[in-house]
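**Student:** Chain by chain, the residues run as shown.
2 protein chains.
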Amino acid sequence: MLDRFPTTLQSECYLEKDRPLLVGVSGGPDSLCLLDVLRRLDYRLVVAHLDHALRPESAEEALTVKRLAESQGAACVIKRQDVNAFAELHGLSLEEAARNVRYQFLFEQAQLYQAQAVAVGHTADDQVETVLMHILRGAGLSGLKGMAFRSLPNSWSQDIPLVRPLLGTWREEVLAYCQANALKPNLDLSNQDIRFYRNRLRRDLIPYLKDYNPRVREVLWRTARLLNDDFAILEHATSLAWQACLRVRSDGAIAFDLQGLREQPVGLQRHLLRRAINWLRPGLRDIDFDAIEHALEFLVNPPRSRRRDLIAGLSLLIEENQFWLFTWEADLPNQGWPQVLEGDVRRLDVPGVLPLGAGWRLSAEITTDVEGARQLAYTNADPFQAWLDNGELNSSLLVRSRQPGDRFRPLGMGGKSLKLADFLVNVKLPRRARAAWPLVVSQDEIVWVPGFRLAHPVRLRGETEEVIKIKLARE
Amino acid sequence: MLDRFPTTLQSECYLEKDRPLLVGVSGGPDSLCLLDVLRRLDYRLVVAHLDHALRPESAEEALTVKRLAESQGAACVIKRQDVNAFAELHGLSLEEAARNVRYQFLFEQAQLYQAQAVAVGHTADDQVETVLMHILRGAGLSGLKGMAFRSLPNSWSQDIPLVRPLLGTWREEVLAYCQANALKPNLDLSNQDIRFYRNRLRRDLIPYLKDYNPRVREVLWRTARLLNDDFAILEHATSLAWQACLRVRSDGAIAFDLQGLREQPVGLQRHLLRRAINWLRPGLRDIDFDAIEHALEFLVNPPRSRRRDLIAGLSLLIEENQFWLFTWEADLPNQGWPQVLEGDVRRLDVPGVLPLGAGWRLSAEITTDVEGARQLAYTNADPFQAWLDNGELNSSLLVRSRQPGDRFRPLGMGGKSLKLADFLVNVKLPRRARAAWPLVVSQDEIVWVPGFRLAHPVRLRGETEEVIKIKLARE
Numbered sequence: 490m491l492d493r494f495p496t497t498l499q500s501e502c503y504l505e506k507d508r509p510l511l512v513g514v515s516g517g518p519d520s521l522c523l524l525d526v527l528r529r530l531d532y533r534l535v536v537a538h539l540d541h542a543l544r545p546e547s548a549e550e551a552l553t554v555k556r557l558a559e560s561q562g563a564a565c566v567i568k569r570q571d572v573n574a575f576a577e578l579h580g581l582s583l584e585e586a587a588r589n590v591r592y593q594f595l596f597e598q599a600q601l602y603q604a605q606a607v608a609v610g611h612t613a614d615d616q617v618e619t620v621l622m623h624i625l626r627g628a629g630l631s632g633l634k635g636m637a638f639r640s641l642p643n644s645w646s647q648d649i650p651l652v653r654p655l656l657g658t659w660r661e662e663v664l665a666y667c668q669a670n671a672l673k674p675n676l677d678l679s680n681q682d683i684r685f686y687r688n689r690l691r692r693d694l695i696p697y698l699k700d701y702n703p704r705v706r707e708v709l710w711r712t713a714r715l716l717n718d719d720f721a722i723l724e725h726a727t728s729l730a731w732q733a734c735l736r737v738r739s740d741g742a743i744a745f746d747l748q749g750l751r752e753q754p755v756g757l758q759r760h761l762l763r764r765a766i767n768w769l770r771p772g773l774r775d776i777d778f779d780a781i782e783h784a785l786e787f788l789v790n791p792p793r794s795r796r797r798d799l800i801a802g803l804s805l806l807i808e809e810n811q812f813w814l815f816t817w818e819a820d821l822p823n824q825g826w827p828q829v830l831e832g833d834v835r836r837l838d839v840p841g842v843l844p845l846g847a848g849w850r851l852s853a854e855i856t857t858d859v860e861g862a863r864q865l866a867y868t869n870a871d872p873f874q875a876w877l878d879n880g881e882l883n884s885s886l887l888v889r890s891r892q893p894g895d896r897f898r899p900l901g902m903g904g905k906s907l908k909l910a911d912f913l914v915n916v917k918l919p920r921r922a923r924a925a926w927p928l929v930v931s932q933d934e935i936v937w938v939p940g941f942r943l944a945h946p947v948r949l950r951g952e953t954e955e956v957i958k959i960k961l962a963r964e
Numbered sequence: 490m491l492d493r494f495p496t497t498l499q500s501e502c503y504l505e506k507d508r509p510l511l512v513g514v515s516g517g518p519d520s521l522c523l524l525d526v527l528r529r530l531d532y533r534l535v536v537a538h539l540d541h542a543l544r545p546e547s548a549e550e551a552l553t554v555k556r557l558a559e560s561q562g563a564a565c566v567i568k569r570q571d572v573n574a575f576a577e578l579h580g581l582s583l584e585e586a587a588r589n590v591r592y593q594f595l596f597e598q599a600q601l602y603q604a605q606a607v608a609v610g611h612t613a614d615d616q617v618e619t620v621l622m623h624i625l626r627g628a629g630l631s632g633l634k635g636m637a638f639r640s641l642p643n644s645w646s647q648d649i650p651l652v653r654p655l656l657g658t659w660r661e662e663v664l665a666y667c668q669a670n671a672l673k674p675n676l677d678l679s680n681q682d683i684r685f686y687r688n689r690l691r692r693d694l695i696p697y698l699k700d701y702n703p704r705v706r707e708v709l710w711r712t713a714r715l716l717n718d719d720f721a722i723l724e725h726a727t728s729l730a731w732q733a734c735l736r737v738r739s740d741g742a743i744a745f746d747l748q749g750l751r752e753q754p755v756g757l758q759r760h761l762l763r764r765a766i767n768w769l770r771p772g773l774r775d776i777d778f779d780a781i782e783h784a785l786e787f788l789v790n791p792p793r794s795r796r797r798d799l800i801a802g803l804s805l806l807i808e809e810n811q812f813w814l815f816t817w818e819a820d821l822p823n824q825g826w827p828q829v830l831e832g833d834v835r836r837l838d839v840p841g842v843l844p845l846g847a848g849w850r851l852s853a854e855i856t857t858d859v860e861g862a863r864q865l866a867y868t869n870a871d872p873f874q875a876w877l878d879n880g881e882l883n884s885s886l887l888v889r890s891r892q893p894g895d896r897f898r899p900l901g902m903g904g905k906s907l908k909l910a911d912f913l914v915n916v917k918l919p920r921r922a923r924a925a926w927p928l929v930v931s932q933d934e935i936v937w938v939p940g941f942r943l944a945h946p947v948r949l950r951g952e953t954e955e956v957i958k959i960k961l962a963r964e
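Protein sequence lines, in the order shown, are assigned to chains X and Y.
Under our numbering, think of the first position of the first sequence as 490, with each following residue one higher.
Under our numbering, think of the first position of the second sequence as 490, with each following residue one higher.
Read the hints as simulated data drawn from the structure, not as lab findings.
Model, not experiment: these values are computed from the prediction.
It is possible that part of the hints are untrue.
Pairs count within a copy or across copies, as identical chains cannot be separated in the list.
Stated by the list, open to error - Capping the alpha-carbon separation at 25 Å, the derived lysine to aspartate or glutamate pairs in DMTMM-like fashion look like this:
(1) Lys-699 / Asp-779
(2) Lys-699 / Glu-585
(3) Lys-699 / Asp-833
(4) Lys-699 / Glu-559
(5) Lys-699 / Glu-584
(6) Lys-568 / Glu-585
(7) Lys-699 / Asp-777
(8) Lys-555 / Asp-531
Go ahead and model the full structure; you've got the sequences and the hints to work with.
**Tutor:** Printed below as a string of structure tokens:
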């Protein structure tokens with residue numbers, strides 16, 4: 490066994506001998522074997538042990554690990570944490586709680602010791618059990634691929650890899666090694682309890698499956714290896730699609746280009762959605778299959794509201810050309826829209842300048858060069874400026890947000906009046922932008938909806954004698 | 490059940506009502522249900538039935554199918570083939586033989602009837618069994634993904650799709666449908682025999698797995714659906730890599746760019762190799778895992794011979810910048826090299842032209858403009874032409890392939906002589922090209938290795954009075 494380890498450690502785990510390596514040692518056969526192999530191959534080790542405080546004898550076992558490490562001249566850190574209490578506090582299963590507490594501890598210590606990696610004792614049998622568990626519980630490729638010799642990034646760190654040097658070694662090899670080298674593992678009773686489901690797989694299911702294929706363990710191990718490499722290709726393809734489709738990423742909200750997302754193959758759409766959910770809810774494990782299918786259905790066939798709730802306090806929204814995924818607690822970014830305070834009414838002097846916030850300024854000036862203004866108005870391409878017939882204004886110009894019952898007579902509709910709400914829908918102003926969109930009014934008549942349309946009554950005509958030019962611009 | 494079918498037929502199977510559709514009908518519950526549903530939805534059907542001739546009553550059953558089709562006004566084709574004999578002849582299992590014979594028949598008939606697709610009665614349970622079988626036997630993504638509602642291309646056709654409208658329908662739904670609609674399926678006894686392994690999965694393994702997850706069937710079905718879409722992404726990535734890496738594709742041989750192949754992630758290397766093997770050996774099912782791993786090992790770490798045998802009469806060869814995969818019966822393409830017959834010696838007249846075959850022509854001319862020739866020789870960039878000092882030639886010019894013991898004094902090495910074999914290795918002439926590479930000799934001295942180097946003794950010098958220009962060119 491020692492023969493093939495140097496290769497595994499170098500070409501699969503990418504470990505270097507001259508940098509510290511943190512080894513998680515439970516005291517069971519796997520971790521004792523791992524520790525012994527690494528020590529014989531002269532790695533610089535820091536031993537870390539978490540006492541889960543699940544059994545009375547656990548403190549004594551921790552001490553055994555400490556003595557062992559010291560006898561080998563390795564640094565050793567022990568921590569005792571009440572995993573039962575942690576599980577209750579966070580509403581987790583005991584297995585999940587133990588896992589979270591343990592890995593958090595290992596990576597904290599790795600950081601502290603500037604370790605090149607955290608090494609743990611998962612064996613080939615653990616791999617097979619993990620794969621089977623995912624097969625039975627239902628998982629995509631990300632579960633079926635099982636574990637890797639080296640994972641980076643992983644759930645606990647972006648820069649410290651998690652390595653599993655024993656991933657290609659069967660449990661019986663580990664036990665034989667322990668015996669041959671007089672290693673005395675703990676009985677690891679807590680493990681037996683908290684890994685109930687896994688132990689059933691190991692003791693009942695796998696032997697049963699050998700009836701169907703005597704080499705089923707090897708076959709599942711190999712499958713995991715293949716799928717790991719396939720998953721890497723998918724991750725890469727997902728990253729490319731992510732770059733191509735992502736439009737906004739802010740605190741609690743992600744927007745994809747709607748068309749771009751729709752044009753992706755459905756497999757990539759799923760992976761993009763998963764990645765987005767992971768980004769918004771990093772703690773979430775096992776993203777629900779149905780949630781993703783609902784999101785896909787919403788993408789292809791959105792309801793009239795163009796909005797739906799998903800899982801884990803997340804919602805979907807389609808707004809113009811963007812597909813939003815956001816947390817309920819997040820304010821969707823307003824994307825730099827000009828907005829005014831709702832209920833606030835302010836006077837726009839002519840000439841004058843009125844700051845609206847977020848760098849937006851509304852300005853007005855007057856001119857008697859009607860012919861020049863008419864030329865400019867006809868050739869204008871910027872919907873954020875407009876020319877009004879001053880003679881048609883009944884009173885001074887005011888700026889406010891919309892009010893219930895607002896109507897508007899858009900230029901180009903022969904003076905017909907319609908509900909402002911309908912007009913704003915027609916011109917596709919995003920729903921969220923509507924409530925605080927600035928409107929220029931004169932008495933109760935809306936004379937200009939910046940960004941969209943002048944009102945019919947104040948258009949320039951043959952009789953016009955004086956023109957007001959207004960402009961909304963951002964610094 | 491009839492409610493959801495129109496959607497499945499359109500959006501999953503992409504079927505049209507006004508084009509013929511060939512339905513494979515065994516007479517069992519699945520295919521009778523499928524036939525009935527399609528008929529009620531007004532598809533234009535051609536019923537096809539293969540009598541496997543495995544049981545005495547099979548002819549009678551074929552007749553039942555024929556009567557049923559005729560009573561529905563559908564065209565019907567029946568064929569009887571001795572599957573047992575076919576299995577023995579081709580050394581196949583009965584299940585595999587039945588499958589081959591049946592699908593070949595269905596697709597032949599589909600071609601004949603210009604059918605838009607071949608429809609078969611696989612159910613959601615068949616899907617789950619297929620996935621489980623691949624899990625147990627060991628398969629990559631291409632197996633784990635199971636079957637698809639629509640497959641094109643498939644193993645039997647490049648242009649006629651295979652569709653499985655019942656793939657989302659459970660067997661109990663099918664049976665309930667048959668009962669409700671008074672359909673009378675065959676007992677399908679042959680099926681029970683030839684699908685022994687599958688039936689074990691159905692009757693023993695799946696019920697057993699329900700102890701671990703009561704919804705294991707649904708979970709496996711869903712997994713297949715996810716993996717199908719993931720597989721499509723991988724296929725696309727593979728196609729891009731294929732285009733980027735493929736250099737030669739000829740009868741029985743494929744060459745990838747060596748560097749390009751090495752730079753691909755290992756997952757894609759696997760898929761490229763699988764695709765190449767499939768291309769060279771289209772009949773081959775279940776490409777061996779170890780074969781691919783050996784090919785990967787060879788790619789990274791080729792032996793000194795730079796050659797190894799693989800499986801199924803295929804070999805690997807690394808030659809300069811190319812990674813070859815080829816069948817033993819194939820001649821590797823010589824890539825248009827100039828070659829002469831081994832053992833043949835021919836005279837090159839000066840002036841004169843000597844055709845070498847494959848469009849190559851060796852030509853020689855004489856000039857006394859030594860200064861001009863010197864200029865040309867110094868600035869020459871084409872290794873397929875050279876200028877020789879005629880005064881240094883002992884006898885007339887001959888063209889031949891290499892002989893045992895050949896030595897060569899390359900220009901630029903101060904007249905040092907080395908083995909021609911070593912020289913050819915040094916200049917990286919592909920091994921296969923060496924034996925018949927044309928050499929220009931004068932008595933026993935090699936004066937020019939076309940494409941590579943002039944000999945030191947015949948170089949142009951101050952004293953040169955007469956120059957021979959030789960050139961090797963392709964029409």
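**Student:** Now look at each hint and say whether the structure bears it out.
**Tutor:** Okay, the hints, checked on the actual structure:
1. When the C-alpha separation of Lys-699 and Asp-779 is checked against a cutoff of 25 Å, the pair qualifies only between copies, where the shortest distance is 21 Å, while the shortest distance within a copy is 33 Å.
2. In the homo-oligomer, the alpha carbons of Lys-699 and Glu-585 lie at most 25 Å apart only across protomers (23 Å), although the nearest pairing inside one protomer, at 29 Å, exceeds that limit.
3. Proximity of Lys-699 to Asp-833 under the C-alpha cut-off of 25 Å is found in neither arrangement, the shortest distances being 76 Å within a copy and 64 Å between copies.
4. Within a single copy, Lys-699 and Glu-559 get their C-alpha atoms no closer than 43 Å, and across copies no closer than 48 Å, so neither meets the 25 Å cut-off.
5. Taking CA atoms no more than 25 Å apart as the test, Lys-699 paired with Glu-584 passes between copies only; the shortest distance there is 22 Å, against 27 Å inside one copy.
6. In this assembly of identical chains, Lys-568 and Glu-585 lie within 25 Å of each other by CA distance solely inside one copy; the values are 18 Å within and 59 Å between copies.
7. For a Cα distance limit of 25 Å, the shortest separation of Lys-699 from Asp-777 across copies, 20 Å, qualifies, whereas the shortest one inside one copy, 31 Å, does not.
8. In this assembly of identical chains, the alpha carbons of Lys-555 and Asp-531 lie at most 25 Å apart only when taken from the same copy (19 Å versus 77 Å across copies).
In this structure, the hints that do not hold are numbers 3 and 4, in rising order.
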